[in-house]
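There are 2 protein chains.
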Amino acid sequence: MVPHVVVIGGGFGGLAAARVLTGKPVRVTLVDRRNHHVFQPLLYQVATATLSPGDIAAPIRWILRKASNVRVLLGDARTVDVVGRRVVLTDGGVLEYDFLIVATGARHAYFGHPEWEEHAPGLKTLDDALVMRRRILLAFERAEREEDGARRLELLTFVLVGGGPTGVELAGTLAEITRQTLRNEFKSIDTTRARIVVVEAGSSILASFPDDLRDAARTSLGRLGVEVRENTMVTSIDAHGVDLMSGDAVERVAAGTTLWAAGVAASPLVKTLGVPIDRAGRAVVESDLSIPGRPEVFVVGDAAAFLHRGEPLPGVVQPATQGATHAAQTILRRVRGEMPRPFVYRDLGNMAIVGRASAIADLGWIRFSGLIGWLAWLFLHIAKLIGFRNRVVVLIEWAVAYVTFQRGARLITGNDRSTKWPQ
Amino acid sequence: MVPHVVVIGGGFGGLAAARVLTGKPVRVTLVDRRNHHVFQPLLYQVATATLSPGDIAAPIRWILRKASNVRVLLGDARTVDVVGRRVVLTDGGVLEYDFLIVATGARHAYFGHPEWEEHAPGLKTLDDALVMRRRILLAFERAEREEDGARRLELLTFVLVGGGPTGVELAGTLAEITRQTLRNEFKSIDTTRARIVVVEAGSSILASFPDDLRDAARTSLGRLGVEVRENTMVTSIDAHGVDLMSGDAVERVAAGTTLWAAGVAASPLVKTLGVPIDRAGRAVVESDLSIPGRPEVFVVGDAAAFLHRGEPLPGVVQPATQGATHAAQTILRRVRGEMPRPFVYRDLGNMAIVGRASAIADLGWIRFSGLIGWLAWLFLHIAKLIGFRNRVVVLIEWAVAYVTFQRGARLITGNDRSTKWPQ
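Protein chains in written order, with numbering that gives the first Met the number 0: chain A, 0 to 422; chain B, 0 to 422.
Treat the hints with care, as some may be off.
Note that the list lumps identical chains together, so a pair holds whenever it fits in one copy or between two copies.
Simulated pairs of lysine to aspartate or glutamate, EDC-like, Cα-Cα distance not exceeding 20 Å [as the list claims (entries may be wrong)]:
hint	residue 1	residue 2
1	K123	D75
2	K383	E229
3	K23	D97
4	K186	D277
5	K270	E285
6	K65	E184
7	K65	D189
8	K186	E95
9	K186	E146
10	K23	E175
11	K186	E143
12	K123	D346
These are calculated hints, taken from the structure and not from any lab test.
When you get a sec, could you build the whole thing from the sequences and use the hints?
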């Protein structure tokens with residue numbers, strides 16, 4: 000019987016591992032609690048009504064349809080029993096393994112304030128993106144019907160907590176929507192006067208980028224009318240806004256919509272491995288990405304704390320795919336009786352969009368900003384998107400959005416607890 | 000002050016009325032509880048994962064952006080006070096009117112069995128379609144993990160209650176998905192053996208079509224492996240299937256997924272008008288579509304019972320747009336001091352899709368079936384879809400689906416009460 004490899008998670012890490020193991024002398028079971036892989040770097044475009052969920056997602060089962068030694072299951076892993084070598088699912092199902100790759104990613108975390116989640120949703124899944132989209136679009140509809148001037152200003156204020164790529168990308172797109180897409184569609188409000196505030200606790204937005212690119216991003220955001228508050232902490236969040244603290248100064252920003260793009264924490268499954276975890280809940284891994292004392296169990300991507308130049312690898316695509324590829328290759332080496340090798344991360348660079356036709360890109364050997372950065376971003380994201388159909392449709396959506404300023408997916412659907420209006 | 004016309008509903012009727020009134024000497028307020036218009040004839044394609052919600056919907060506000068005398072509001076009308084001439088919204092808002100057009104459509108209705116809804120969702124809104132999509136896709140995922148043979152067969156059985164166009168279109172698409180799209184993607188189940196049953200209480204499916212087209216449809220469905228049960232009543236529905244009765248014979252069909260495409264009832268707002276309603280809750284209207292004794296209040300589309308050749312007009316697009324156009328024109332006549340004219344319905348025909356490259360179309364003077372019917376259907380639906388972007392994207396989705404058998408929107412998102420699995 001060939002060894003059984005269980006991969007938990009169908010994100011960038013899990014898929015990369017499955018691809019390395021396809022056609023090799025192992026049986027693979029990939030389990031995910033969703034039926035689809037999501038292209039997370041474009042989630043913010045679903046949240047801001049540019050793209051439809053179907054444009055940036057594909058069924059995991061379809062992606063791996065030609066991998067005859069890979070079985071795809073829909074299921075939610077609750078615990079790992081590293082001694083019994085088995086994964087237990089929430090519905091009681093059990094998957095026994097010879098090798099395990101944990102690629103379960105991270106959720107947003109609220110720094111010990113879980114009560115903030117209701118008022119400041121985060122962005123990790125398609126369902127999260129639909130909640131954000133609903134809240135953003137409802138804010139304008141409510142403002143249109145609001146007769147009280149102060150409340151109307153509040154409804155037209157958007158606070159983004161966190162000045163990393165997600166916060167900046169959301170802010171830039173919101174600026175374009177309010178300044179262009181929605182202008183002239185409302186009779187009582189002027190959407191171009193909407194206030195957009197990015198709050199960053201650290202000394203700079205986009206901390207992972209070099210100084211000159213951060214300056215370029217700040218200039219772009221300023222031109223879009225986005226307020227950037229650096230060195231500023233959020234001390235409370237409720238349904239009507241946020242309290243900020245900068246040094247000794249405190250400030251209240253009345254805002255109808257607050258969106259979370261700050262802390263993340265590794266998936267709770269990691270805790271059940273029984274190994275040391277860091278403050279963000281990530282498993283501290285060995286040099287080959289296995290966990291201490293269990294060379295057959297690997298943790299990759301956002302769920303792992305792997306130090307690179309003294310810092311844990313960031314929660315983006317490259318560390319996840321490279322780590323998962325390494326873990327899968329290590330499994331194949333061990334199946335062949337070879338020794339594992341240490342994981343070496345290759346930093347391929349860093350990109351972020353800062354509004355219409357403007358992006359920053361740091362590829363190490365070269366840096367771009369503005370239009371060239373944007374074209375590089377566009378090319379890379381289309382090339383990496385899974386599925387021919389998705390590429391074509393996304394290109395059309397972007398072309399239409401660019402030329403007409405319109406958005407293809409301005410739908411308010413579903414409902415969440417705190418926005419049961421007006422249904 | 001020019002007269003104020005309130006239009007309730009942004010479906011085909013409400014939009015047609017707003018268009019007639021655009022630029023005319025009236026102020027118009029269109030209120031809908033959703034921010035988007037839905038192209039309902041294609042809802043079944045969202046339910047079956049071919050199209051994304053954004054492909055068949057457009058923001059009402061955007062559709063009417065150039066209509067400077069039309070205001071669009073998001074709000075849920077609860078009651079009409081015909082004496083005080085005002086509409087009261089669920090959030091307490093009030094809209095006073097000089098003329099009112101009620102175009103609130105219909106919901107599915109369960110013939111006195113509201114408890115069936117949980118087990119047999121219907122299809123009237125985008126949210127309904129996403130619930131159906133979730134249930135259909137989950138059925139296969141559950142079957143893949145099911146070890147009990149009988150239960151697996153149950154999960155691979157789909158019952159469509161109602162043999163009208165929606166039931167037939169859902170059945171045909173389900174057949175294509177199970178026979179083509181999903182084959183080879185599962186390791187434990189053979190999706191091509193899924194059972195699809197259409198149950199029709201009347202003597203024939205597609206009762207509104209002539210005999211020869213119904214025969215053609217029955218042949219098409221048979222070729223697709225769809226079981227058609229005519230003269231068969233559903234006597235109960237639960238989570239594990241349906242009970243059927245045909246004459247004296249009773250039968251239990253074990254089915255994991257039951258979908259409702261049978262009865263509808265007019266929106267409950269109609270009751271608050273205080274006029275006679277028929278069994279389906281529709282207002283009985285005068286010859287000009289106004290309600291008895293209130294010449295300034297009109298009811299159109301699915302919410303009205305207007306007799307044409309002795310039968311109420313069916314709940315499809317043409318009666319809604321023609322009726323709303325007539326009501327709006329009648330308002331303009333009255334503003335000009337002219338007499339109202341009676342509404343005369345022009346029957347432009349009837350179409351239904353019955354699987355891949357096959358449809359039936361009855362245009363009165365000519366009938367099509369098979370490929371030519373399908374091309375006619377395709378052309379008409381693309382032409383009527385609102386928004387250039389939507390037309391292009393839908394054409395691409397259809398081309399990809401036709402050539403590759405793949406579906407662009409196979410995503411399980413959201414959750415509803417009875418399918419909290421496996422989260």
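We went through each hint and held it up to the structure:
1. Taking CA atoms no more than 20 Å apart as the test, K123 paired with D75 passes inside one copy only; the shortest distance there is 16 Å, against 31 Å between copies.
2. Proximity of K383 and E229 under a CA criterion of 20 Å is satisfied in neither setting, with 32 Å inside one chain copy and 50 Å between copies.
3. Taking identical chains as interchangeable, the C-alpha atoms of K23 and D97 lie at most 20 Å apart only when both belong to the same chain, with a minimum of 15 Å there against 75 Å between chains.
4. Taking the shortest Cα distances, K186 and D277 never come within 20 Å of each other, neither inside one copy (52 Å) nor across copies (38 Å).
5. Within a single copy, K270 and E285 get their C-alpha atoms as close as 16 Å, which meets the 20 Å cut-off; across copies the closest is 69 Å, which misses it.
6. Proximity of K65 and E184 under a CA criterion of 20 Å is satisfied inter-copy only: 8 Å between copies versus 48 Å inside one chain copy.
7. In this assembly of identical chains, the alpha carbons of K65 and D189 lie at most 20 Å apart only when taken from different copies (16 Å versus 52 Å within one copy).
8. For the identical chains of this complex, K186 and E95 are inter-copy neighbours only, at 18 Å across copies versus 61 Å inside a copy, given an alpha-carbon limit of 20 Å.
9. In the homo-oligomer, the alpha carbons of K186 and E146 lie at most 20 Å apart inside one protomer (13 Å), although the nearest pairing across protomers, at 59 Å, exceeds that limit.
10. When the C-alpha separation of K23 and E175 is checked against a cutoff of 20 Å, the pair qualifies neither within a copy, at 48 Å, nor between copies, at 33 Å.
11. Taking the closest pair of Cα atoms, K186 and E143 come within 20 Å of each other only inside a single copy of the chain (7 Å); across copies the shortest separation is 52 Å, beyond that limit.
12. Proximity of K123 to D346 under the C-alpha cut-off of 20 Å is found in neither arrangement, the shortest distances being 23 Å within a copy and 50 Å between copies.
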